[in-house]
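Since the structure of chain A is provided, determine the placement of chain B on it from the hints.
Each protein sequence line maps, in turn, to chains A and B. With the working numbering, you'll find the first sequence wraps up at 308, consecutive numbering, no jumps. With the working numbering, you'll find the second sequence wraps up at 1276, consecutive numbering, no jumps.
Any given hint might turn out to be false.
[What the hints assert, rightly or not] Restricting the straight-line Cα-Cα distance to at most 30 Å, the calculated cross-link-like pairs of lysine-lysine (DSS-like) are: (1) K170(A) to K1109(B); (2) K275(A) to K129(A); (3) K1109(B) to K212(A); (4) K250(A) to K212(A); (5) K977(B) to K129(A); (6) K110(A) to K1109(B); (7) K170(A) to K1095(B).
No lab work stands behind these hints: they were computed from the structure.
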Amino acid sequence: MSETKGNVVLHVADVHKRFGGLHALADIDLQVEEGQTHAIIGPNGAGKSTLLNVIIGKLAPSSGAVVFDGNVLTGRKPYEINQMGIARVFQTPEIFTDLSVLHNVMIPALARRDGAYKFNILRALERETGIRQEAEAMLEDVGMHSRRDMAAGSLSRGDKRRMELAMCLIQHPRLLLLDEPTAGMSRHDTNTTIELLKKIKSRGMTKVIIEHDMHVVFSLADKISVLAQGRIIADGTPDQVRGNPKVQEAYLGGAH
Amino acid sequence: MNIFYLPRRDAITLAVFALVVLTMPIWLVPFGAAYPGLMQKFAIFAIFAVGYNVLFGLTGYLSFGHAAFLGVGSYTAVWTFKLMTMNVIPAMIFAVIVSGLFALAIGFVSLRRSGIYFSILTLAFAQMCYNLAYSVLTPITNGETALQLTINDPRVLDLMFSERGAGLPSPSLLGQGMSGIEAFYVVAVVLLIAFYIAQKIFVSPFGMMLRAIKSNQTRMHYTGFNTRPYALTAFVISGMYAGLAGSLLAATDPLAGAERMQWTASGEVVLMTILGGVGTLIGPVIGAWLIKYFENIFSGFNDAMLHHTFSWLPQGAQDVVVAITSKFVGEGWQLSLGLIFVLVVVFLPGGVMEGIRRFSSIFRNRREPGPTGALKTSPAE
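Only chain A is shown next, with the shape it has when bound in the complex (with noise of 0.2 Å):
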C-alpha cells in the first residue's frame, strides 16, 4: 500500500465478500484522499460493482469495514449514509420519471435541508423560492435549465445523467460515487460528460469513478486502483498503472 499523503475521507479496511463459493472481493485495502478522483478499473467481473455496492451500504461485507470520515458506514443504511455526505450516480440512472426536471432536482435539496424525513405540507412546494433558485442554479450549471420543465423520463440518456448528477452536486456531498458514468453512452455524451466532470473536479469533492472507459479514466482521475478477480492487483497515479506490466497483463493486454 502506498503511504498516505492527504486526509484520507474514505478507507475500505481489510473488505472481504463471499456469494456462497465466489470469493467477490478479497482482502480490499482502499485509502482515498480528500480531493481526489480516485478511479477502479479492471476487466469485467473483477468485483468493481461490489465494491461500490458495499461501500454505499447496498450489500454487507463479509468482513472488514467501510470508514467514511472517522465513522464507520458498514451496517447502516442507505438514507444515513447520504445524510453523512455521500452520493452516488448509478450505471443506469436512477431518477424520478415521472416528475419534472426541476423537481428531481429539488428533492435532493430539500433532503439536504429537511432530513431524512419532515412532514412539512404548510408552505407549498410553489413557495420554496430559496430551494427553487437553488436547483434553478445548479440545472443552470449543467446545462439544463431550458429543460427544466420537461418529465424527466422524456430525457435523453445523456441529459438524465447529466440530471442525476445535478441531484448529487445540489446535495454537496463531501464524496460522490460514480458508477460508470459514461456506460452506454454516444462518443459525444460522454466527452460533455467528462467535460462536466472536470468543471466539478474544481470543486475540491472527493470522487470515487468505476469506468470501463479507459479515455475518461485517465482524462479524470488522480489515482488509478485496479481490481482483476477480486483483487487490486495495483495502485498509484495514472502514469504508474498505465506502466504496471502486472496491469498490462491482466487488463490492458487482457482485453484483446
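Just chain B now, with coordinates in the frame of chain A:
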C-alpha cells in the same frame, strides 16, 4: 395567511369544486338523484376516496383494507353518541383519532412490505377486523344486530344539561338536527375542508416526496430519505379520512354494522379512485359519485320502468330489448358498473380525468393549432 396559501390554480379548483358540491341539490335534479340521503352519500364517499387517494394516488401503495378504518370510524362515532353527546363534532374528532391509531398500527406492519404483499397484508388486517367485529368483539360492536343508540344510553355530557327525553335522540350539530338537506350541507362543508387539506398535501414538499416514492424508491433512499415514515404518514392520513367518512355515515344514520368493513367495501374505494383517475384530486370524487349513483339509481330500475322507456318499440322487439337491458339494471347494476370499469381501465387508464384531459386537448388543438398544444397531447400515457 401564509399557512393557508394555495397556488392560484388550486384555489380556483377549490372554488369551482365548492360551487359544484353546494349546488348539488339543483343540478342533480335532472339525474333523479337530488334527494338528501343520496347526496349525503356522495359527499361522504368523496371524503373516503379523496383520503384514499392520498395514499394510493401519491405513494402508489395499493391498500385493500381501508374499509376497516371506515368501520372503526363509524363504531367510534356511535359510541361517542352513546357515551358522551349527540353532538357530531366530538364524534368526528374521536373517530379521526381512533381510526388514525388503527391505521398507525396496521400501516406500521403492512408497510414492511411493498407491492402485492403490502396489498395482501392490508386485506388480511381488514378481514381480521371484520371477523372480530362479528365474533369476539360483539360486546363493543353488537355483532350482527349492529351497534345502535338506545334510550338508556349514558350520554354523560348531554344529560348534564338536559333531561332524558322520551324518544330516541338523534345526532345534531349546534342544535340543528342531522337529517335531510341540512345534514347534506354539514357533510358537504366537511368534504370541502377535507378536499382543501388534500390539496395542501398535494402541493406541499411532503406531497412531492410521496410522489417521488411512487416514482423511484431506490433513488429516494440514496438521496437521503427514510421513505417508510413518509409512507406511514400517508397511510395514517388516509386512514383518518376513512374514519371521518365513517363517522359521518354514523352521524347521518346512527347505526354501525360490521358489513361496512368487508373487503367489498375496501374494493369499492379502489374502484372509485381508479375509475375517476388515480393521483388527481377531482378524479376520486367523480369516481365516488359515479359508483354511488349507479348503486342507488341503476339498481332502482325494474322491468316495468324499462317497458315504459322502450314503449315506442313494437311489442315483440320491446320484450327482447327489455329482457336484455334488464340484466344490466336493477339487481344487475353491478354488471354495468363492471363493464364501465373494464372499458375505462382498457381505454382510459387514467380514469375519467384522463378522458376529460384528452377531450379538452383535442378541443384546444382545434382552436389554436400550435407547438404548445402539440406538446401537451404527447404525454398521454
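We went through each hint and held it up to the structure:
no. : hint                : verdict
1   : K170(A) to K1109(B) : holds, 17 Å
2   : K275(A) to K129(A)  : holds, 28 Å
3   : K1109(B) to K212(A) : holds, 19 Å
4   : K250(A) to K212(A)  : holds, 18 Å
5   : K977(B) to K129(A)  : violated, 49 Å
6   : K110(A) to K1109(B) : holds, 20 Å
7   : K170(A) to K1095(B) : holds, 15 Å
Of the numbered hints stated above, the single one contradicted by the structure is hint 5.
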